[in-house]
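Undergrad: Here the protein sequences come in this chain order: C and R.
Letter by letter, the first sequence follows residues -6 to 302 of our numbering.
Letter by letter, the second sequence follows residues 21 to 331 of our numbering.
In short, the hints are calculated from the structure, not lab data.
One should not assume that every hint holds.
Straight-line Cα separation of at most 20 Å, EDC-like style, residue types lysine to aspartate or glutamate; simulated pairs [stated by the list, open to error]:
hint	chain 1	residue 1	chain 2	residue 2
1	C	Lys241	C	Asp83
2	R	Lys178	R	Asp168
3	R	Lys178	C	Asp61
4	R	Lys178	R	Glu189
5	R	Lys167	R	Glu189
6	R	Lys281	R	Asp168
7	C	Lys152	R	Asp132
8	C	Lys205	C	Asp187
9	R	Lys178	C	Asp58
10	R	Lys167	C	Asp187
11	R	Lys98	R	Asp296
12	R	Lys167	C	Asp61
13	C	Lys241	C	Asp58
14	R	Lys178	C	Asp57
15	R	Lys167	C	Asp58
16	R	Lys281	R	Asp104
17	C	Lys152	R	Asp104
18	C	Lys81	C	Asp61
19	R	Lys100	R	Asp296
20	C	Lys205	C	Asp195
21	C	Lys81	C	Glu239
22	R	Lys167	R	Asp273
23	C	Lys77	C	Asp89
24	R	Lys107	R	Glu189
Fair warning: this is a prediction, and the values are worked out from it, not measured in the lab.
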Amino acid sequence: MSVPTVAPDVGAPTKARTRRRALAQRKPGSSGGMVFPTIFMLAFLVYFLMPLFWLVVASTKSLDDLFDSFGLWFADFNLVDNIKDVFKQDDGVFVDWLRNTFMYSIVSAVGAALLAAAAGYGFAKFAFRGKNLMFWFVLGSVMVPTTALAIPTYLMFAKLGFTNNPLAVILPSLVSPFGIYLMRIYAEAAVPSDLIEAARIDGANEFLIFRKIAFRLLTPGFVTVLLFNFVATWNNYFLPLVMLSEPKWYPLTVGLQQWNSQATAGGGATSAFNIVITGSLISIIPLILAFVFLQRYWQSGLGSGGVKG
Amino acid sequence: MAQATVTSTAARIPGGRRKRKLKRHGFAGFVFTLPFMVLFVALFIAPLIYALYLSLYREQLVGGNAFVGLDNYTEGLKDKAFTDGVKRVALFMVVQVPIMLILALAFALIIDSGKVVFAKLYRVGFFVPYAVPTVIAALMWGFLYGKDFGPFADLANKLGTTPPNFLGESTMLWSIANVSTWTFTGYNMIIFYAALRAIPAELYEAAAVDGAGAFRTALYIKLPLLRPAILLCTIFSVIGSFQLFAEPRVFYDLAPQVIGKSYTPNLYVYNLAFADQRLNYAAALSFMLGLVVFVVSFVVMRISSRQEARS
Chain C
-6 MSVPTVAPDV GAPTKARTRR RALAQRKPGS SGGMVFPTIF MLAFLVYFLM
44 PLFWLVVAST KSLDDLFDSF GLWFADFNLV DNIKDVFKQD DGVFVDWLRN
94 TFMYSIVSAV GAALLAAAAG YGFAKFAFRG KNLMFWFVLG SVMVPTTALA
144 IPTYLMFAKL GFTNNPLAVI LPSLVSPFGI YLMRIYAEAA VPSDLIEAAR
194 IDGANEFLIF RKIAFRLLTP GFVTVLLFNF VATWNNYFLP LVMLSEPKWY
244 PLTVGLQQWN SQATAGGGAT SAFNIVITGS LISIIPLILA FVFLQRYWQS
294 GLGSGGVKG
Chain R
21 MAQATVTSTA ARIPGGRRKR KLKRHGFAGF VFTLPFMVLF VALFIAPLIY
71 ALYLSLYREQ LVGGNAFVGL DNYTEGLKDK AFTDGVKRVA LFMVVQVPIM
121 LILALAFALI IDSGKVVFAK LYRVGFFVPY AVPTVIAALM WGFLYGKDFG
171 PFADLANKLG TTPPNFLGES TMLWSIANVS TWTFTGYNMI IFYAALRAIP
221 AELYEAAAVD GAGAFRTALY IKLPLLRPAI LLCTIFSVIG SFQLFAEPRV
271 FYDLAPQVIG KSYTPNLYVY NLAFADQRLN YAAALSFMLG LVVFVVSFVV
321 MRISSRQEAR S
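In isolation and in its complexed conformation, chain R is listed as follows (with noise of 0.2 Å):
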């Protein structure tokens, strides 16, 4: 994280003089998060809170709320829908998150060298999809996907073979993967794109002055530097694939049978909450795909600042 500052400590503190001018208006300071804090507390901390209370009950068919302690979370252990569910978005997070962030990276540092014609096009073209929302990038490529109107069957049609099933038991998940990675690796680049520029150029000119092309130039000045954004995109990405609902919800219509009640721990958690009325158990259920995610995004972290101290 250090390699990346690349100026400016005069905004730093110099020392305790202006510490304790900084203390005297402390209670302005306070004054100004206030309003976030306050609807932090009421509109995350105690929904959080509310859950977690709620999840150590269960509605008994005689005599209303009963205080089960864990129980609801056993249950959620042993639940195969659930764990099932968690193991294919963590699949899902293992295949995708690399291929849409080594994309992301290469086309970040293929516009960054100016070795491109049109490169603006790119920077705006590959961006655009982000502006579509998850459920309407869905509804478009379940068009795209289909038998009826999709240009692969048609395509398929014409050369006279039989189209491809991708929303079939197999193909699903790396359906909805290429969906996310449609979406979202235009705004990984963006993330990597300003993160290069922001790169000094008196550190380009060095590495030019020892004979370095652009492919190493690339390789050890311009990726050490990117490491603090790619652990942004990385976690973000995680946290993302562990969410993900829009996509099987949209693709339920079209393949009742492959998405289930449960593709995904979101769906799931939805669908016991809504279609079952369970609601005990599904805010259990939130909480555990909460601390799933959170532990693996504190494991990536660390993996990566172990990293950076090898380094």
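So here's chain C without its partners, still in its complex pose (with noise of 0.2 Å):
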């Protein structure tokens, strides 16, 4: 395997990226050939978008203009009662999901980029026994699947008495293989072996080089990590559905669930599904604020992996 190239290249546009731009933007033929691709793409911002724009249409409606307008456009606007509805449902349960949802996520993706941080760097940057034994379990392991390791996860679990709490799903999510694996690629890359020697002659110790030397270069590398580990937290549901059996710790995707189904169960014009439609939309914005801001991170983190290969 080889190094890596995209990986410590977070910040701006490289020489070679602009002469590249140019060079595109300078083809021949542009006008005529950008229509079919431009339609092509049009076509498919709308099925993309189309779902989430009838979120936003459908938290703005009473039960009643649920069902008897149109669904792609608005009627009586509602979307504050809808609110309100959804923070009252319950005795006010959703705030816990909301609460539990950013607990989870929080905890488990600081946690798993710390540990992948240390331990990417420990296996880029130094020789040891049992090293590549441990490293390919390690990556054989991303070839698991996560829910066909939830199950035995639950048994053991509910063997040692330790379902049914916030670290019973806190914990498995801490480990993150496929994080391990970004952080080694981008370690090799990003830690000058010159800069570790240098510290160490000047008298510093392995644990005050992490800290204060290679940290700071990682930076780029965990704050990916930490996003793909907060975002697989926030959406998971397999897991906390099978640990948690209490409301009270429900994050939002089990909890939302199980509304939906308690409305489409009852059925008609009596069902809460205006709640649901509300509950849903507020649990997908702060993600969707932070895919759009911090987009650069996304691309650059997902880069590393995909060229690594």
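The two chains are supplied separately, each in an independent frame; assemble them into the complex guided by the hints.
TA: So this is what it looks like as structure tokens:
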């Protein structure tokens, strides 16, 4: 395997990139050749955004309007009442779900990223007995489906009497083999061995070197792994579903699906579909904001994994 | 893989001298990996071993747990509910993964070629569905597919035709495939796009000098260099297909008679463990499912590396 290149490059576009952009735009036949690709892309933009548009429109409707008015356009504006209903339903349990989701995601993401940074650095910059065996074990485990692992983990936790608490969700989320893999690649390229050597000659111990020098260089990779785990935990459904039995510990995904089940089972116009829909909208807003504002981290991190292969 | 490595052998270890130095500090390296490895063993290896142990036993009506060897596994192989589920997700994989990855590739290449207006809009807009949890995506599409307030049903009613049944026996799998495609195409697109941005400009200049147009540049220069990224996305998508759970679980409420208890292997294992309390059998089946995924991923990698060797 070889050393990746995109990894440490998160900042401004390089000279090569700018040059390439210019080259691409200089290509002949531009205006004529642009029509078909643009139509193609716009059509798919409609496909990808239509459901979200529907969700926004539907959250502004009362239950009656949901049934009676056309799905893709607004009726009477009822969003504020819907939001109030979401937070009132079942004695305000939605607030618990929101808090749990944030807590599980933040703790898991920060923890997993710290573990990955340290382990990735250890794997990349040191030679020790059993290193390759350990790393290949970790790498192979990327191929174990997380849901195939969730049931065994549940069975073990149940045996130890350790289910239905936040740690039962957080602890398994801390183990991110793919994060280790990404951080190893990243550390290999981003932390020069000479720099470590120089710090050693100056008498710094290994942990000081990691904390003060290596970690700063690893920060962009760290942020990428953090974001990945944040989204993975935020979106996780299977693990909390099997681990948790009390609604007060649920994350949004499990809670909303339960409301939806109840609404569907109730059927007809008495069911709380407007609450499910508005709750869903509220639940996706934080991540969408994170995505739009942190785009460059996504791209750089995903790039380093992809190039290595 | 070697082709995609664009630069920097500078970070490489030049020879024995450096290696010896690394070794001298080896213990510190081990300590850095230790916190992760402890959790990895406790929360990854241990559950698997425990499940393996459980899978060799069976709860008897009289006399508690009894060792039954591989009986749970042979039962799994003969269990139509399980094997049909595996076949169903395999079919899903064979159809959905190529469609999604080809779309993602096309989007990435089009955005990278600079031949469209609003390139940034597509990059963000296509990627945004990835921010939606699969459960919420399934919930949303469930409403959209529905007869009560789905826009498709609205349109059909307006036109005076009967609305299509998206959640029927023959359409269900493809309605689920649509949810997955909607959620994950943009994610794969971003991976491909990031890999494309890493290709050095010199290669394009050389191609341009040789008179290659945008299409031929994409076919002969970009695609071969994307191979590692394509492999990565293929493996992840294959694993994702075999794990299908949230969508069938959400759609169960809308079409219980179509989904049943065992539409996908994961749903079946979940129902076995929680509704039927058949923990030993559930452990055996999740083990078998993991094994299937492992083997399929391995085959995909072998095919890919063989093709690379040939090209």
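Undergrad: Give me the numbers of the hints this structure contradicts, sorted from smallest to largest.
TA: Of the numbered hints, 4, 6, 7, 10, 13, 17, 18 do not hold.
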